[in-house]
Amino acid sequence: DAKTTQPPSMDCAEGRAANLPCNHSTISGNEYVYWYRQIHSQGPQYIIHGLKNNETNEMASLIITEDRKSSTLILPHATLRDTAVYYCIVIVGVGSGNTGKLIFGQGTTLQVKP
Amino acid sequence: EAQVTQNPRYLITVTGKKLTVTCSQNMNHEYMSWYRQDPGLGLRQIYYSMNVEVTDKGDVPEGYKVSRKEKRNFPLILESPSPNQTSLYFCASFSPLKRGTQYFGPGTRLTVL
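Which chain is which? The protein sequence lines are A and B, in order.
Under this note's numbering, the first residue of the first sequence carries the number 1, and numbering increases by one thereafter.
Under this note's numbering, the first residue of the second sequence carries the number 1001, and numbering increases by one thereafter.
Extracted from the complex, chain B is given alone in its bound form (with noise of 0.2 Å):
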């Protein structure tokens, strides 16, 4: 089954504690991207990737570091959370090749103390 996977779901931390929240496709996608759903703001994207080794920022990068070494997976790095990153974020993946139609992950909700 096509899908997009998040690890962890759910997530308590406090300031400035270093997480990572995972990513991986199993589609041999190409593209690959992180957004932060917040209420009032709806999604907006923090990072993408275009390719292995390819990685650009999206409107609010601040804070947030990915990497992508391999095609299937796209984490997102929180070096020095703060309360500000409380949110919710939702990764996806698309190939320019197959419709361009997005396949998004199930979310995690990140709460920082």
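Pulled out of the complex, with its shape left as it was, chain A reads as follows (with noise of 0.2 Å):
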């Protein structure tokens, strides 16, 4: 599974978007972008992720940049329950060969300030 490198820690104004960057220069053509969040503690969850396409659910946009070597995590509105360290995890599609193995690293802690 490729590396991903992301900023060790980020500061975001409450009520304003957070822009979570990730590296994953070495990426597969098979491998897909994942996000998760982890806050204090508790189980990480699960936040969006993507192939080559741009996403967006009810909690946060994914920009994948067109050569795929890296990625942004938007929170739109964050919120101060948005503080957390996030994940950006590269992982085979599911099918080939995904044995459920999520390689964390040391993620993006990312404040966010009244």
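None of these hints come from the bench; they were simulated from the model.
Glycine included, C-beta positions come from ideal geometry on N, C-alpha and C.
Check each hint, because a few of them may be wrong.
[Claimed, not checked] Where chain B lies over chain A, by a calculated footprint (3+ residues, C-beta under 8 Å):
hint, segment
1, 37 to 44
2, 100 to 113
[Claimed, not checked] Partial list, computed: chain B residues near chain A (C-beta under 8 Å):
hint, residue
3, Y1010
4, I1012
5, S1033
6, P1039
7, G1042
8, Y1048
9, M1050
10, G1058
11, Y1064
12, N1084
13, F1094
14, T1101
15, Q1102
16, F1104
17, G1105
18, P1106
[Said to hold, decoys possible] In silico lysine-lysine, PhoX-like type, Cα no more than 20 Å apart, as pairs:
hint, chain 1, residue 1, chain 2, residue 2
19, A, K101, B, K1018
20, A, K101, B, K1071
21, A, K3, A, K69
22, B, K1057, B, K1071
23, A, K3, A, K101
24, A, K69, A, K113
25, B, K1065, A, K101
26, B, K1069, B, K1057
27, B, K1071, B, K1018
Two chains, two frames, some hints: make the complex.
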């Protein structure tokens, strides 16, 4: 599975958009980009995932560059409850040898401030 | 409500005293796995199971056992716990037929004295 690189920490003002970058320059064609977050030692929570197209759901948007070497998670209106560690994970798609193992790096600690 | 449950949530025990951490999911997921989380090391997979009676080692299986007799349950067994197994443990499940997103339990904080 491809490795990812994320900044260790970021701050964001409450109500503003939080843009969290991730580099995955060695990503393969059959690998998806997944984002999870972990709020203060709780179980990680799925946010969003994508292959090559931009994706949006009720929690966030995911922008993947055309060459797929990097992506950005966007929380459109960050709240204090979005303070968490955000993990960008690259993994092969289901049916392509996916055993379910997620390789968590150090992630980005997002601090949303009032 | 779709969920993964773990018990106990907190446990303090002594070296060598066998213990079991239970994990149960109500989503009929085929895949289940156990992770441990340690400061500076992130989450690492201990064992995983792709279906009933099918289990395999993850990255850090030493000192642990698992079983998968039923689809919904995936207990983690520490036959002879040692202090280096003091950690935060998470159970997770997912279905390759359902987007492949994983659901994690709330965690079990284990201290081995």
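These are the hints, each one checked on the structure:
no., hint, verdict
1, 37 to 44, "holds (count 4)"
2, 100 to 113, "holds (count 7)"
3, Y1010, "violated, 12 Å"
4, I1012, "violated, 17 Å"
5, S1033, "holds, 5 Å"
6, P1039, "violated, 11 Å"
7, G1042, "holds, 4 Å"
8, Y1048, "holds, 6 Å"
9, M1050, "holds, 7 Å"
10, G1058, "holds, 6 Å"
11, Y1064, "violated, 15 Å"
12, N1084, "violated, 19 Å"
13, F1094, "holds, 6 Å"
14, T1101, "holds, 4 Å"
15, Q1102, "holds, 6 Å"
16, F1104, "holds, 3 Å"
17, G1105, "holds, 5 Å"
18, P1106, "holds, 5 Å"
19, A/K101 <-> B/K1018, "violated, 26 Å"
20, A/K101 <-> B/K1071, "holds, 18 Å"
21, A/K3 <-> A/K69, "holds, 11 Å"
22, B/K1057 <-> B/K1071, "holds, 18 Å"
23, A/K3 <-> A/K101, "holds, 13 Å"
24, A/K69 <-> A/K113, "violated, 30 Å"
25, B/K1065 <-> A/K101, "holds, 17 Å"
26, B/K1069 <-> B/K1057, "holds, 17 Å"
27, B/K1071 <-> B/K1018, "violated, 24 Å"
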